[in-house]
Amino acid sequence: MKKIIVAFLGTVLFAACAEEVVKKPDNLISKDDMVKILHDLALLNANKSAAASDFENSGIDIMEYLYKTYQIDSAQFAQSDLYYASIPLEYQTIYKEVERRLTVQKDTLEDRGKRKNEEMRQASVRRQDSINALKDSLKVKKETPTLEKN
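Residues -18 to -1, 1 to 132 in mature numbering (1 follows the signal peptide of the UniProt record, and there is no 0) are what the sequence shown spells out, letter by letter.
If you're looking for bench data, these hints aren't it; they were derived computationally from the structure. One should not assume that every hint holds.
[Said to hold, decoys possible] In silico EDC-like pairs for lysine to aspartate or glutamate, Cα to Cα no more than 20 Å straight-line:
{"id": "1", "residue 1": "K88", "residue 2": "E46"}
{"id": "2", "residue 1": "K18", "residue 2": "E38"}
{"id": "3", "residue 1": "K96", "residue 2": "E79"}
{"id": "4", "residue 1": "K30", "residue 2": "D43"}
{"id": "5", "residue 1": "K30", "residue 2": "E46"}
{"id": "6", "residue 1": "K13", "residue 2": "E81"}
{"id": "7", "residue 1": "K98", "residue 2": "E81"}
{"id": "8", "residue 1": "K18", "residue 2": "D63"}
{"id": "9", "residue 1": "K78", "residue 2": "D63"}
Since we're looking at a predicted model, the values are computed, not measured.
Please model the complete structure; the sequences and the hints are all you need to start from.
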């Protein structure tokens, strides 16, 4: 009897997990577009927190900008986000891709910064070497005896 109850409960739980919690919206934003939108949203929010006064002065509304850029509306975005959130594995896949893209961008920018710093360091060394060479040549000129005419 216990085995039958356990099997029945297992079947009920399995059926409940397979059931759609949120109905798929007619105008569902594709997963690829959701990744792009959420990626841009993360970048814009980071930029906003880094330069808050610039955003306030510009009057840019991040969400309105994204809606216009991706030709969607707030309801479509909210419904699509809710739908994907109701499927945890899909939602996790979307956010992992957003995180991957942000990490790639961060690494690229850090590499550029390191290269730029190295170029500046090398230019500084070359400049200092030129100054030292010029100083040495001036010392040589001062130390060279001049012939006096009698």
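To see whether the hints hold, each was checked on the structure:
| no. | hint | verdict |
| --- | --- | --- |
| 1 | K88 with E46 | 25 Å, violated |
| 2 | K18 with E38 | 24 Å, violated |
| 3 | K96 with E79 | 26 Å, violated |
| 4 | K30 with D43 | 10 Å, holds |
| 5 | K30 with E46 | 14 Å, holds |
| 6 | K13 with E81 | 14 Å, holds |
| 7 | K98 with E81 | 26 Å, violated |
| 8 | K18 with D63 | 13 Å, holds |
| 9 | K78 with D63 | 15 Å, holds |
Going down the numbered hints, you'll see the structure goes against 1, 2, 3, 7, while the others check out.
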